[in-house]
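Following the hints, put chains B, C and D in place on chain A, whose structure we already have.
Listed in order, the protein sequences are those of chains A, B, C and D. Numbered by this note's numbering, the letters in the first sequence go through residues 120 to 365 in order. Numbered by this note's numbering, the letters in the second sequence go through residues 120 to 365 in order. Numbered by this note's numbering, the letters in the third sequence go through residues 120 to 365 in order. Numbered by this note's numbering, the letters in the fourth sequence go through residues 120 to 365 in order.
Source of the hints: derived by calculation from the structure; they are not laboratory data. Since the structure is predicted, the reported quantities are computational estimates derived from the model, not experimental observations. Hints should not be assumed to be uniformly reliable.
Identical copies carry no separate label here, and so any pair may be met within one copy or between two of them.
Claimed, not checked - Once the Cα atoms are required to be at most 35 angstroms apart in a straight line, the calculated DSBU-like pairs of lysine-lysine come out as:
1) 199 <-> 260
2) 282 <-> 238
3) 238 <-> 260
4) 282 <-> 213
5) 260 <-> 213
6) 199 <-> 213
7) 213 <-> 238
There are 4 protein chains.
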Amino acid sequence: MPVKSQLRLPAELVDDLVAANRALARLNVVDAFGHVSLRDPRHPHRYLMSRSVAPESVTAADIVLYDLDSQTVDPRDDGKLHYRERFIHGEIYKARPDVNAVVHSHSPTVVPFTVTRAKLRPLLHNAGFLGLGVPLFEIRKTAGDGTDLMILTPQLGQALARKLGPDAAVVLMRGHGDSVVGPSLPNAVFRAYYTEINARQQLAAITIGGPINFLSRAEALTANAAMLRASARPWALWRQRALNED
Amino acid sequence: MPVKSQLRLPAELVDDLVAANRALARLNVVDAFGHVSLRDPRHPHRYLMSRSVAPESVTAADIVLYDLDSQTVDPRDDGKLHYRERFIHGEIYKARPDVNAVVHSHSPTVVPFTVTRAKLRPLLHNAGFLGLGVPLFEIRKTAGDGTDLMILTPQLGQALARKLGPDAAVVLMRGHGDSVVGPSLPNAVFRAYYTEINARQQLAAITIGGPINFLSRAEALTANAAMLRASARPWALWRQRALNED
Amino acid sequence: MPVKSQLRLPAELVDDLVAANRALARLNVVDAFGHVSLRDPRHPHRYLMSRSVAPESVTAADIVLYDLDSQTVDPRDDGKLHYRERFIHGEIYKARPDVNAVVHSHSPTVVPFTVTRAKLRPLLHNAGFLGLGVPLFEIRKTAGDGTDLMILTPQLGQALARKLGPDAAVVLMRGHGDSVVGPSLPNAVFRAYYTEINARQQLAAITIGGPINFLSRAEALTANAAMLRASARPWALWRQRALNED
Amino acid sequence: MPVKSQLRLPAELVDDLVAANRALARLNVVDAFGHVSLRDPRHPHRYLMSRSVAPESVTAADIVLYDLDSQTVDPRDDGKLHYRERFIHGEIYKARPDVNAVVHSHSPTVVPFTVTRAKLRPLLHNAGFLGLGVPLFEIRKTAGDGTDLMILTPQLGQALARKLGPDAAVVLMRGHGDSVVGPSLPNAVFRAYYTEINARQQLAAITIGGPINFLSRAEALTANAAMLRASARPWALWRQRALNED
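Isolated chain A, as found in the complex (with noise of 0.2 angstroms):
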């Protein structure tokens, strides 16, 4: 039985997803829809999501296990339904070895940010890792006028990840929302938060008016090496939250 035991996913990691699910939708960045995956630790060539449910729904039940072309690695997972976008997520692991852990959302203050020309960048030091860029992808470039702007095959995720390019830790999604991607999943859930507080708190700056003192890339660059160890103090209080609520 070693498929077997490959399979049987160990249960923190499953936890971790879990509370990463609902901390999302408590912290409003997901709503009924988005998706958290995890690569797997044991098999770097596999990834961990839930089926098809809401964020703030999913149980340990949920979580499946896919290979790198985002399909289900286990057969009994064949009759399920799956997130149409996973194609993101499998194909943003192929391109960046450097990445453990992948959130797509409709953040909703990083959406307008998506529909304009405004760039969104760092201003509030927890969101240092935008300094590393936040190129926007736009669907009508790839797949011309008329999709449902959704990622849904293996050719967009492709063409999405080579909009994130090696460096960026979030890609916009035109009229869509981001993907958000890091080393770690309290790192990668940390970063979709602060995307949508410093598009926050960005909107505010124009509104205030003048020009912003944003961070310069070398705070930017010092500040995402803080926050990827700072990371860890949130994480904590969220996931006790996510996995206390029931």
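For chains B, C and D alone, coordinates are given in the frame of chain A:
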């Protein structure tokens, strides 16, 4: 007793309608005002709606069956207080055979778009249905100056239904709110929620400034078709949360 | 014991006032400050109000009976801490026999309209009462520069009541908040809430830009009359939620 | 055991500090970051603060006693993880003998005022303390470009305390948040909350447009004095809610 059995409302339909009321309150689309109706699938010339109570208080015992002239079908309901604006629902069902559910609300961020000249247009793919047109009902043109802006007569309901037209999913009501329709209750709730979300995001995009990259007409239509299917996921969440909150 | 029986407060009135306090906290009209009063229907030269506690903490035991000079009527209340600004209430009841309830708050989106030149005007039919005028009380004109902006004396209460005038439902208080009056407690709570809602929607309409299609004077008056009746529906919800929250 | 008894923290002080942490989380002044401290009234060269956990998670067991160099006084605490920015607190207590409590936060609507040129000024009487000046700490001037914007050394804490100066209640920290001080813990919490509220209302006033009628200097000083007394009412509410939420 064939008549009596016709009047007994199927429990699942009633639960759906109770859930829709409470869900829209939780989603901040309705406050203490607003109402939701569902065409009776057994008798398409009838619809179900709550008697006059605040949406978040609606229970199964409050649901009443109306004919399309918005008169109660069951004589036992004659003593109940009914929504004075129920003609919104009955007249739309008459004019739009494709519509099976109607949400009327004072959706808070939609109201400002009813009193200004900017057009509410889809910028988020979930709100692609706004690409079907968002006509504005100006009650002064129908009933003159000096009304309380409410749809208190069959004639005003008919005028509103005419303004909605054959295609649109949303009709704005100046200084009042909107009425949102759909082929199913989950989809009408979905559209009412994303009309509010798109309004918030369009407001933010206006604050950011510059041209807004709205969905093209082709994208709006494709996204609308996709969301007719995708409404099921949020509905599952919203229904469960609404019915379990007691 | 005729005197003592006069002082025994009717339980239903007390519950209404407790509910109004808590409801306004839940509706985010008051925070830890703000107060609500009710004219005693048995003795119109007296009013009921809580002793000095935060509105969301008010219980039946906190309700005190005052005369229109804002002195406690019951000698057993002499040791209690009273709201220092209770003259707002007593002096308005003296000046406005039509008023039976007063809400004073730092309504968060109303405050910005007290320090800018834009007039708060009705754009939502629920706020038609704003068409009765929204005068601004500038305390510097009465008490000179250097006050703490609070209504700490009978004289300031009288000046505020004069500024409110014979018709208005709302008087803005510069840098401070507003005082809202109504013929009944449900209606005063309704008006306090929809003053805040209209302020939020007017702020959004200003952001959208261009001329705002406010309610005409005739519409405002008709809508105000309709809402005097319609206040009952939200009140039923708010009262129930407020009294059941313990 | 005189030393040991000195280290035993009075339960009421500890409860106050726990309540302050949780209250500021409920008030959305702090998120998973931010910290609150209280000068030890028995030993003014010491202060109490939580070990490094998210404010809303703080319990009595987390409270640590520090000297003004921000070193733990109790050797049993040596293994705990401490807030890396605790020098904010120690250095302000050294420089400002009048200060008995400090709140550091990433107050969400204050941050935009740290990266723009508009001055945060009091427009609400509760925020009169802003009239004592709102200096901006620009870390680039002290530590050059390329920091993570955090106060990680005694020297940076001293520079921040110098920028706060002898009078101000609030010092803004560019791209980071603010630090708010008061003569008592209830007052520091009050000021941290109303700094955020005033920022929101000033943002709204900027949106409305035109000149803003801020509090005059004389009004700000009088209001500040009044609010030093009035802090007790919100504190009673916030403390009770915070300690009863478990």
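Hint numbers not upheld by this structure, sorted from lowest to highest: Violated: none.
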